[in-house]
Amino acid sequence: MHLLCPIDTVHSDILTPALDRVFGIQHMTVAAHSHRLAAAADIADIAEAAQIRCDIIELTGEDSPSLLRGTLAQIINDAELPTLINLSGASPILAALAQEVALLRQVPSFVIHPERDTLVWLNHLPNSGPAQGYNVADRLTLDGYFGLFGCEITEVSVDLKHRDPQLEKLARHMAWFASRDSRQLYSLMQHVVRADASGLTAPLPRELHPYLMPIEQTGLVTLLHGGELKLRDAQALRFLNGGWLEYWLFAEAASLIGQSPIHDLACGVQIVTQDGVKNEYDLALLCNNQLYLVECKTQQPDNRQTGRGVGNDVLFKLDSVSHLSELDARAMLVSVSRPTEHEIHRADEQHIEIVCGHDLVNLRERLRDWLKAN
Numbered sequence: 000m001h002l003l004c005p006i007d008t009v010h011s012d013i014l015t016p017a018l019d020r021v022f023g024i025q026h027m028t029v030a031a032h033s034h035r036l037a038a039a040a041d042i043a044d045i046a047e048a049a050q051i052r053c054d055i056i057e058l059t060g061e062d063s064p065s066l067l068r069g070t071l072a073q074i075i076n077d078a079e080l081p082t083l084i085n086l087s088g089a090s091p092i093l094a095a096l097a098q099e100v101a102l103l104r105q106v107p108s109f110v111i112h113p114e115r116d117t118l119v120w121l122n123h124l125p126n127s128g129p130a131q132g133y134n135v136a137d138r139l140t141l142d143g144y145f146g147l148f149g150c151e152i153t154e155v156s157v158d159l160k161h162r163d164p165q166l167e168k169l170a171r172h173m174a175w176f177a178s179r180d181s182r183q184l185y186s187l188m189q190h191v192v193r194a195d196a197s198g199l200t201a202p203l204p205r206e207l208h209p210y211l212m213p214i215e216q217t218g219l220v221t222l223l224h225g226g227e228l229k230l231r232d233a234q235a236l237r238f239l240n241g242g243w244l245e246y247w248l249f250a251e252a253a254s255l256i257g258q259s260p261i262h263d264l265a266c267g268v269q270i271v272t273q274d275g276v277k278n279e280y281d282l283a284l285l286c287n288n289q290l291y292l293v294e295c296k297t298q299q300p301d302n303r304q305t306g307r308g309v310g311n312d313v314l315f316k317l318d319s320v321s322h323l324s325e326l327d328a329r330a331m332l333v334s335v336s337r338p339t340e341h342e343i344h345r346a347d348e349q350h351i352e353i354v355c356g357h358d359l360v361n362l363r364e365r366l367r368d369w370l371k372a373n
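If you use numbering that gives the first Met the number 0, the sequence shown corresponds to residues 0 to 373, in order.
If you're looking for bench data, these hints aren't it; they were derived computationally from the structure.
Model, not experiment: these values are computed from the prediction.
Treat the hints loosely; a few may be bogus.
As the list claims (entries may be wrong) - Ranges of calculated distance between the beta carbons of each label pair, as one might list FRET restraints:
| hint | residue 1 | residue 2 | range |
| --- | --- | --- | --- |
| 1 | GLY275 | ASP180 | 42 to 52 angstroms |
| 2 | ASP347 | GLN50 | 25 to 35 angstroms |
| 3 | GLY132 | GLU340 | 35 to 45 angstroms |
| 4 | THR59 | LYS160 | 36 to 46 angstroms |
| 5 | VAL21 | LEU199 | 56 to 66 angstroms |
Don't be surprised by glycine CBs; every beta carbon is placed ideally from N, CA and C.
Between the sequences and the hints, there should be enough to build the whole structure, so can you do that?
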């Protein structure tokens with residue numbers, strides 16, 4: 000089959016039907032006005048990486064409906080294979096003109112429901128192929144999703160192919176530690192971050208010692224007779240200074256695979272845009288072809304007397320990076336400290352989910368509910 004995609008905005012729904020083998024797409028044509036040709040090229044790159052030939056046709060005559068209809072009709076005429084039209088990325092005007100052509104040429108057209116990720120046939124339902132309401136297969140990867148929006152993943156710290164069960168188990172202990180006594184956790188983190196060049200800390204308070212046995216068992220630290228900690232290496236420092244929360248988040252998200260339609264996730268995802276802007280996401284997750292981004296915060300609260308405050312700068316960063324390059328991502332903040340009432344209100348306005356404090360031990364359930372609600 001040949002898939003014609005007239006586009007004006009970028010969505011994963013433009014590409015996901017082509018990646019789903021049920022549609023049998025062998026050739027794509029992306030039709031776009033001049034201001035969207037760069038986006039069309041990004042789509043073509045992902046398609047061709049999946050062994051799907053992809054052509055780009057520039058649409059001219061934005062103010063000439065007859066010219067646009069003629070161009071779309073010519074694309075159908077020139078195609079060597081039967082054509083399907085995907086209107087998921089088309090503007091209202093472009094979609095209306097393409098639908099006129101579809102009706103005139105008796106070519107099947109469809110959109111992908113933006114919230115349910117299901118197929119909606121608009122006309123001429125084909126005799127074979129996916130049925131009305133079909134749930135499009137989840138074959139998009141994080142590399143592909145970011146690539147659609149002109150971004151490149153340059154590095155990840157943990158992904159599904161490179162897991163560390165020992166650190167994930169320790170992260171569970173750290174989450175329990177944080178939910179039980181966050182003040183003691185902050186004390187441990189302060190000692191760790193102030194370790195000298197050889198990885199030696201000042202003596203730890205004795206009340207911290209009961210929490211250290213699981214950490215010692217992994218070999219990350221050694222508790223010396225004087226009460227000092229000896230850090231094994233830089234990885235130990237990163238893990239104990241907050242990296243544990245990323246491991247805990249990753250492990251809990253990975254445990255939902257099979258229960259939720261999660262098809263890719265990674266921690267420490269570093270990206271660069273076409274403009275050279277760099278960003279890092281503590282966790283990036285694809286569920287039902289939708290991107291979810293999570294920021295982790297283990298630093299002490301802004302107000303140490305009340306034990307509350309995650310910082311408006313954290314919420315601002317999360318809101319801005321989730322919309323970077325039109326990513327259209329859902330956002331969550333996972334924090335050891337609790338937000339203030341003002342921060343809760345601001346997060347609600349920005350549609351940012353928050354999991355904090357004692358809820359850390361219920362992170363799996365909160366993640367599952369969040370993914371289901373979206």
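Cross-check of the supplied hints:
Judged by the Cβ atoms, the range 42 to 52 angstroms given for GLY275 and ASP180 holds: they are separated by roughly 43 angstroms. At about 44 angstroms, the CB distance of ASP347 to GLN50 disagrees with the hint of 25 to 35 angstroms. A C-beta distance of roughly 42 angstroms is found between GLY132 and GLU340, which places it inside the suggested range of 35 to 45 angstroms. At about 45 angstroms, the beta-carbon gap between THR59 and LYS160 stays in the expected band of 36 to 46 angstroms.
Separation of VAL21 from LEU199 is about 60 angstroms and conforms to the stated range, judged on CB atoms against 56 to 66 angstroms.
Hint check: a violation occurs at hint 2 only; the rest are consistent with the structure.
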